[in-house]
Structure formats: structure tokens, C-alpha cells
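J.: The lines below spell out each chain.
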Amino acid sequence: MTTMELTRSVAVQDVRSRRQRINWAPTIILLIGALYCVLPVLWIVIASTKSNDELFSTAPFVPAFTGGFWTNLRALFTYNHGIFGRWVLNSVIYAIGGGLLSTAIAGAAGYALGKYRFVGSTVLFRTIVAAVLLPQIMLAIPQFLLLAKFGMTNNYASVLLPQLVSPFAIYLCKIYAEASVPDEIMEAARIDGGSEWRIFRSVGAPLMLPALVTVFLLQFIGIWNNFLLPFVMINNDHLYPLTLGLYGLMIITGGQAAQYSIVIAGVLVSIVPLAILFLSLQRYWKIDLISGGVKL
Amino acid sequence: MSQSRALGRSTAATSATKVRGRGGLLPVLLVAPAVVLLALFTIAPAVYAIFLSFRRMKVGRGLLGGGKPTGVFAGFTNYAATLTDSEFWASLARMLLIAAFGVPMTVILAVVFALCLDAKRARLVGFARLAIFLPYAVPGVVASLLWGFMYLPATSPIGGDVVDYFGNRGIFFSVANVVVWGVVGFNMVILYTAVRSLPKELFEAAELDGASELQIALRVKLPMITPAVAMVALFSVIGALQLFNEPTTLKPLANAISSTWVPLMRVYTDAFVNNSIYEGAATSFILITMTVAATVLVNVASRRITRRQSR
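Protein sequence lines, in the order shown, are assigned to chains A and B.
Mapped onto the UniProt record's numbering, the consecutive letters of the first sequence carry residue numbers 1 to 296.
Mapped onto the UniProt record's numbering, the consecutive letters of the second sequence carry residue numbers 1 to 311.
Keep in mind the hints are simulated off the structure, nothing from the lab.
Accuracy of the hints is not assured; some may be wrong.
Said to hold, decoys possible - Calculated Cβ distances over 10 Å to all of chain B for the following chain A residues:
#, residue
1, Val38
2, Thr66
3, Ala75
4, Asn80
5, His81
6, Val92
Unchecked claim - Distance windows between CB atoms, simulated:
#, chain 1, residue 1, chain 2, residue 2, range
7, B, Val292, A, Asn154, 28 to 36 Å
8, B, Asp209, A, Trp197, 41 to 49 Å
9, B, Arg196, A, Ile83, 42 to 50 Å
10, B, Arg196, A, Gly97, 30 to 38 Å
11, B, Trp89, A, Pro182, 33 to 41 Å
12, A, Ser195, B, Ala100, 53 to 61 Å
13, B, Val292, A, Leu89, 33 to 41 Å
14, A, Leu281, B, Val296, 48 to 56 Å
15, B, Met57, A, Pro182, 55 to 63 Å
Virtual Cβ for every residue (Gly too), placed ideally from N, Cα, C.
Please model the complete structure; the sequences and the hints are all you need to start from.
T.: Spelled out as C-alpha cells, the structure:
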């Protein structure tokens with residue numbers, strides 16, 4: 001009894017002393033990496049507090065407290081009758097709508113491919129794996145040409161529809177369904193008289209929730225960040241997402257340094273909400289799905 | 001497209017009779033939306049692009065003069081036009097130059113950061129992981145604008161008045177840096193989860209044998225996460241081939257970037273500025289072929305490496 005206590009206290013001491021010694025090399029490397037990733041964002045935050053004159057005249061990493069921040073934000077949101085707010089809204093519509101729908105589609109398809117064997121399921125799965133390798137972005141122009149042939153471009157649907165199916169998301173859902181929806185539970189539910197649809201709704205889908213959250217976040221960010229697809233599909237600036245709007249703003253104001261502070265404020269507004277959203281949701285992601293699921 | 005439609009039909013026909021009781025129609029209904037959308041928005045556009053790539057515009061010369069321009073079969077002329085155009089190869093070379101710097105950087109930095117995160121008694125781990133992951137949430141276009149201001153002499157906090165970030169040589173580094181900045185955190189998290197899932201006993205055994213922390217990281221951990229490293233490399237290669245957002249966004253700021261600077265910009269310019277969609281289609285098909293070839297190549301290489309190690 002006493003020896004056990006003794007060894008335990010020794011072990012605790014050992015852990016404590018080990019904890020006090022900092023392993024400097026990795027810590028410094030991580031600190032440099034963190035600075036590299038954070039400093040540009042920090043600079044944008046600071047630059048957004050400055051008026052245009054201050055932007056060029058004051059020290060880069062010293063914020064201004066002359067009220068420039070609100071002036072810039074007001075200038076941004078009143079620019080061209082408040083079109084910036086419209087772009088934010090459009091991005092939200094594209095990313096949430098597209099994210100939810102594509103998650104539902106990928107979840108359903110992944111569940112079916114993972115838990116059932118039906119004629120053509122193997123061929124279909126192989127086709128999807130092959131499609132993972134096909135870069136979606138390269139399809140943007142063929143997609144435009146085809147949609148234009150049927151007069152279906154320049155609306156919300158032309159940006160939403162091509163992004164609804166993600167082969168990679170289906171692949172992840174299939175792997176996850178196979179691993180985490182046990183046949184025994186499905187069998188038990190069948191014996192209890194549950195229909196296959198009911199089993200999917202009340203057994204399969206809840207068990208797949210971690211994968212669905214991950215797929216939603218990946219799709220949300222993918223759509224939010226997409227540029228080429230709206231760039232080719234949309235030529236009405238009321239339908240622009242943020243990325244395209246900011247690019248347009250930069251093109252218009254590109255030659256004139258007098259407009260930089262508006263663009264800087266726009267960059268800040270497009271980073272901060274997404275950064276907060278996704279850093280706060282970070283622990284709900286299962287990124288190990290990606291590294292564990294894909295076996296080369 | 002017709003193949004996948006036939007596939008869908010045969011699936012529907014047999015599963016209703018054969019596999020009833022083990023799912024019935026449900027699996028077919030569940031995959032149906034994905035199959036339809038995949039056919040409409042992936043397979044059909046690809047097939048249509050191939051179709052277009054073999055055609056050219058012919059202006060009708062009727063007896064009365066004028067007439068509507070029509071598409072006619074053109075054989076491989078569009079492919080020949082792209083493949084013999086020196087600017088196409090130049091754009092490919094620029095892309096490869098950026099990839100030659102960017103891909104190794106994203107992979108090596110991600111490996112280093114992942115191993116540091118896993119190192120014993122390293123501090124600031126949680127903060128560093130979040131900070132390095134942060135740029136992944138920043139859209140490529142916004143990241144390019146952000147770095148654009150960092151590079152611009154007038155606003156640069158990193159010595160843009162001394163270093164010419166938009167010069168003919170500097171521009172390659174500048175574009176690659178935006179890409180690396182955006183991707184490295186995502187790669188790091190994938191590799192970190194791979195390291196974390198390794199059995200701890202192995203490191204303890206190596207430690208008892210007198211291996212240093214660095215040796216364990218490089219000789220034990222790194223070889224065991226090779227498949228994840230290969231996957232990250234594959235993602236980065238595919239990403240490099242799709243380079244478009246960053247140079248397009250930096251173009252208004254940097255004179256060194258032309259409208260056909262990288263292959264995808266050329267496809268865009270062909271299709272929408274020069275109004276030669278047929279040549280654009282041929283070029284995009286050439287690019288898709290190259291991407292698939294590169295993917296297969298990385299795959300084979302990584303398999304060979306993994307096999308050699310397991311021996």
C-alpha cells in the first residue's frame with residue numbers, strides 16, 4: 001500500500017518536472033508557423049482601422065484610433081447602394097443551401113453504397129472514385145457551355161446545381177457508413193418491423209452524424225471559397241458571391257489607391273465571420289475521416 | 001452519359017425483384033439524386049467538352065452571301081493548335097515552376113508542423129494548430145487580395161519597397177506563397193491526425209533503445225505516415241494543376257501576369273475573351289488528361305515507396 005503510494009507520488013513528481021521543461025525546438029518552429037499564418041490577417045485587421053491617407057503614412061502594425069474603422073465599414077456597406085451586403089447574403093445562400101443539399105445527397109448515396117449491395121453498386125462506386133480524381137474546377141467551363149446551350153446560366157441554380165454532388169463527399173460517407181453503422185442494429189430493427197426507410201432515418205442517419213457534419217463543413221468552405229464557377233456562370237453583379245464581388249471591387253478600384261481601404265474592409269468582413277464559425281466548430285470536425293478513410 | 005443511364009435502369013430493374021427484403025428499392029432511391037446529378041453536371045459536361053473539342057466554327061458562304069456560322073467536324077486541329085502553341089507550353093512551364101516550389105513547401109512544412117505538434121513537451125500546441133489552420137477558411141481570392149496588399153510597395157508591411165514581389169521572377173514566389181499559406185494548415189491537420197493514430201508503444205520502445213526525440217520523429221513516425229504524406233502530396237499536385245484564382249486576382253496588381261499566364265487562365269481567355277470555345281474545350285481536355293496522368297503517377301510512386309518500406 002505504502003509502496004504503491006510512494007511510486008505514485010514519484011510518478012506525479014516525474015510528470016511535473018517533465019512538464020516544466022519546455023521542448024524549445026518544436027515550440028519555436030510552431031510559433032514561427034503560427035506567425036506566418038496569422039500576421040497577414042492581423043495586418044488586415046489593423047489596416048482596416050486606417051483611413052486611406054493613414055494606410056500609406058503610418059507604421060504597418062500600429063492601428064489607428066481616428067475612427068477610420070467605422071468610416072471604412074460604412075463606405076463598404078454603402079458602396080453602390082449597399083451591394084456588398086447583397087454579396088454576403090448570396091455567399092450565405094450558396095454555401096448553406098449548397099452545403100446542406102450536397103450533404104444530404106452524399107449522405108444518402110454513401111449510406112446506400114456502404115450498407116447495401118445492389119446490381120451496379122460496385123460499378124457505381126468505382127465511377128465515383130474515378131470522379132474524385134477529376135478536378136471539379138476544370139469542369140466549370142464545360143458546365144457553363146452546356147448550361148448556356150439550354151439557356152440556364154446567370155441565376156442561382158447555375159452556381160448551386162453543379163456543386164451539389166461531390167464524389168469525395170460520397171466516398172467519405174460510404175467509408176464512414178461501412179465502419180459505423182453495424183449490420184446487427186439494422187437487422188434488429190428489421191426484426192422489430194422497421195421499414196428500410198425508417199431504419200435509414202432513425203438508425204443510419206444519426207450514426208452517420210459526425211461524417212455528415214464534416215462533409216457539410218468541407219462543402220460549405222468549398223462553395224464559399226469557389227470563384228471560377230460563379231465567375232463563368234454569373235454576369236449580374238446582384239448574384240455575385242463575396243469572392244466574385246471583392247474581385248470585381250478590386251478590378252474597379254485597382255488603379256486607384258484611393259479605394260484600397262474599402263477593399264481592405266471587404267477582405268476583413270469576408271474573413272472574420274468564417275474564421276469564427278469554423279474555429280468554433282473545429283472540435284465537431286472529424287478530419288481523421290479524411291486521413292483514415294483514404295488509403296492509397 | 002448513356003452508359004450511366006443504362007446502369008441506373010438495370011439497377012432499378014433488378015434490385016426490385018432480386019434484393020427485396022434486403023433494402024428493396026430504398027438504396028436505389030438513395031443513390032438516385034447523386035447519380036442523376038453526377039451524370040448531368042460531371043459526365044455530360046465532360047462529354048460535351050470532348051465533343052466541342054473536335055469541332056470548329058464554319059461561317060456559311062451561301063450564294064446570297066452571309067449565312068449563319070455553324071459548327072463542323074474539325075478532327076484534331078484544335079488539339080494541334082494548342083499543342084503547337086508555344087504560349088501554351090509557356091503557361092504550363094509557369095504552372096510547373098510554381099508547383100515545383102509550392103508543392104514541396106506545402107508538404108514539407110505540413111510534415112514539420114505535424115511532427116512538432118506531436119513532439120513531447122512542446123508548448124503553444126493548441127494555439128499553433130488553430131493559427132496554422134486559420135488560412136484554410138480564407139477564400140483563395142481573398143487570400144490573394146490580402147497578400148496583394150502585403151506585396152504592394154505602397155502598403156507592404158514586409159518590405160515591398162525593397163523586394164520586388166511583382167517582378168518577373170518574384171511573381172512565381174509570390175503566387176506560390178499565397179497557395180502555400182492557404183493549404184499548409186489543412187495538410188498539417190491531416191498529417192497530425194495520422195501521427196496521433198500511431199501506436200504509442202512503438203515510440204516508447206524506441207525511446208528505451210536510446211533514440212532521441214528527433215530520431216523518433218524522422219525514423220519512426222515519418223515512415224509510418226507515408227501514405228498520408230502521399231495523399232497530401234496528391235492533393236497539392238491536383239491543386240497546383242487547378243491554379244487559377246490566385247494569379248487571376250493578382251493580375252490587376254502585377255503586370256508580370258498575363259491573361260494566359262497559367263493553363264486554366266488560357267482556357268478561360270479562349271472561351272470567354274477570344275470567343276474560341278472549341279480551342280478552349282480542347283485545351284481543357286488536355287489539362288484533364290494531364291491531371292489524371294499526374295494523379296496516377298503520384299499514386300504509383302507512393303505505392304512503390306510504401307512497398308519498399310514494408311519489406
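J.: Next, verify each hint and record whether it holds.
T.: Okay, the hints, checked on the actual structure:
no.: 1; hint: Val38; verdict: 5 Å, violated
no.: 2; hint: Thr66; verdict: 17 Å, holds
no.: 3; hint: Ala75; verdict: 17 Å, holds
no.: 4; hint: Asn80; verdict: 18 Å, holds
no.: 5; hint: His81; verdict: 22 Å, holds
no.: 6; hint: Val92; verdict: 14 Å, holds
no.: 7; hint: B:Val292 - A:Asn154: 28 to 36 Å; verdict: 31 Å, holds
no.: 8; hint: B:Asp209 - A:Trp197: 41 to 49 Å; verdict: 57 Å, violated
no.: 9; hint: B:Arg196 - A:Ile83: 42 to 50 Å; verdict: 45 Å, holds
no.: 10; hint: B:Arg196 - A:Gly97: 30 to 38 Å; verdict: 34 Å, holds
no.: 11; hint: B:Trp89 - A:Pro182: 33 to 41 Å; verdict: 55 Å, violated
no.: 12; hint: A:Ser195 - B:Ala100: 53 to 61 Å; verdict: 56 Å, holds
no.: 13; hint: B:Val292 - A:Leu89: 33 to 41 Å; verdict: 38 Å, holds
no.: 14; hint: A:Leu281 - B:Val296: 48 to 56 Å; verdict: 35 Å, violated
no.: 15; hint: B:Met57 - A:Pro182: 55 to 63 Å; verdict: 59 Å, holds
In this structure, the hints that do not hold are numbers 1, 8, 11 and 14, in rising order.
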